[in-house]
Amino acid sequence: AQSVSQHNHHVILSEAASLELGCNYSYGGTVNLFWYVQYPGQHLQLLLKYFSGDPLVKGIKGFEAEFIKSKFSFNLRKPSVQWSDTAEYFCAVNSNYQLIWGAGTKLIIKP
Amino acid sequence: NAGVMQNPRHLVRRRGQEARLRCSPMKGHSHVYWYRQLPEEGLKFMVYLQKENIIDESGMPKERFSAEFPKEGPSILRIQQVVRGDSAAYFCASSPLPRTGEPYEQYFGPGTRLTVT
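In the order they appear, the protein sequences are chains Y and V.
Residues 1 to 111 (the numbering used here) make up the first sequence, in order.
Residues 1001 to 1117 (the numbering used here) make up the second sequence, in order.
In case anyone wonders, no lab produced these hints; they're calculated from the structure.
On a predicted model such as this, the values are computed, not experimentally measured, just so you know.
We treat Cβ as the ideally placed atom computed from N, Cα and C, and that holds for glycine.
Incorrect hints may appear among the rest.
In silico DSS-like pairs for lysine-lysine, Cα to Cα no more than 25 Å straight-line [stated by the list, open to error]:
1. V:Lys1044 x Y:Lys49
2. Y:Lys71 x Y:Lys58
3. Y:Lys69 x Y:Lys49
4. V:Lys1051 x V:Lys1062
5. V:Lys1044 x Y:Lys106
6. V:Lys1027 x V:Lys1071
7. Y:Lys69 x Y:Lys58
8. Y:Lys61 x Y:Lys106
9. Y:Lys49 x V:Lys1027
Chain Y residues, not near chain V, derived (Cβ > 10 Å throughout) [said to hold, decoys possible]:
10. His7
11. Asn8
12. Val11
13. Ala16
14. Lys58
15. Glu66
16. Pro79
17. Trp83
18. Ile108
To give a feel for the contact side, a few chain Y residues facing chain V, derived at Cβ under 10 Å [stated by the list, open to error]:
19. Val4
20. Gln6
21. His9
22. Tyr36
23. Gln38
24. Gln42
25. Gln45
26. Leu46
27. Lys49
28. Phe51
29. Phe90
30. Cys91
31. Tyr97
32. Ile100
33. Gly102
34. Ala103
With the hints as extra help, turn the sequences into a complete structure.
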């Protein structure tokens, strides 16, 4: 069965620090990969997605993620975080209509 | 273009009551998905529906839970005789008709937070 693991449940950073959130999945076939963000009090929004092609994917708000097939990973990165990046971040994969989700990482940025 | 709408945003029910959660997909979308998020966990797939048709309900609990997506009106997730363990956030997503070979991309609503007292 497919599964997704996010390594850190809580991350606290200062503004301007660099961010990397880990995501690993288990599935041997072709997958589509997503990062979603949920800002406090708001709904889930798509940050970025990988379907095929260049494994380095750029998303909104300066985020990017790299798909490394050999490591079954799709880590999310941002070179310099802002206070407004405080949110919960979810990694998800699918190979058909079912999205399989990680447990989420709560990111807190200290001003 | 309105996004996926869910109501109510917050719902409080006593044990044994019924909960009805509504989801209106994005305009032009004919596919609806329901997910449940328990505290400190990721979202879990519950059911996938097209209009008047349940495609996959493998994630639905066997009892008390049902879902529909009628020809007219929103999709409804119904939970009968709620128990405390049903307290969670329930998210609805929608997508357009998928094309062969193209991945499904889902758009999410704001969720309904159900609290069972």
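Measuring Cβ to Cβ, find out whether glutamate 66 of chain Y lies farther than 10 Å from everything in chain V. Check passes; 19 Å lies beyond 10 Å.
If you draw a straight line from the CA of lysine 1027 of chain V to the CA of lysine 1071 of chain V, is it 25 Å or shorter? holds (14 Å)
Given pair status - lysine 49 of chain Y, lysine 1044 of chain V, alpha carbons within 25 Å: holds (19 Å)
Beyond 10 Å from every chain V Cβ: check whether that's true for asparagine 8 of chain Y. Asparagine 8 of chain Y clear of chain V: closest Cβ-Cβ about 13 Å, beyond 10 Å.
Beyond 10 Å from chain V, beta-carbon-wise, is tryptophan 83 of chain Y? For tryptophan 83 of chain Y, whose nearest Cβ neighbour in chain V is about 23 Å away, the distance exceeds 10 Å, so it holds.
With a cut-off of 10 Å, does the beta carbon of tyrosine 36 of chain Y approach a beta carbon of chain V closely enough for the hint to hold? Nearest chain V Cβ about 7 Å off; hint holds.
Interface exclusion of lysine 58 of chain Y relative to chain V, criterion Cβ beyond 10 Å: Per Cβ check, lysine 58 of chain Y is outside 10 Å of chain V; nearest 17 Å; holds.
Does lysine 1044 of chain V pair with lysine 106 of chain Y here, judged by a C-alpha cut-off of 25 Å? holds (18 Å)
With a cut-off of 25 Å on the C-alpha distance, tell me whether lysine 1051 of chain V and lysine 1062 of chain V pass. holds (22 Å)
Taking the minimum C-beta separation from valine 11 of chain Y to chain V, is that value above 10 Å? holds (15 Å)
Restraint satisfaction for glutamine 45 of chain Y [CB to CB of chain V, less than 10 Å]: holds (8 Å)
Does phenylalanine 90 of chain Y hold up as a contact with chain V if the rule is Cβ-Cβ below 10 Å? Where the cut-off is 10 Å and the nearest Cβ of chain V is about 6 Å from phenylalanine 90 of chain Y, the hint holds.
The structure meets every hint from the earlier list without exception.
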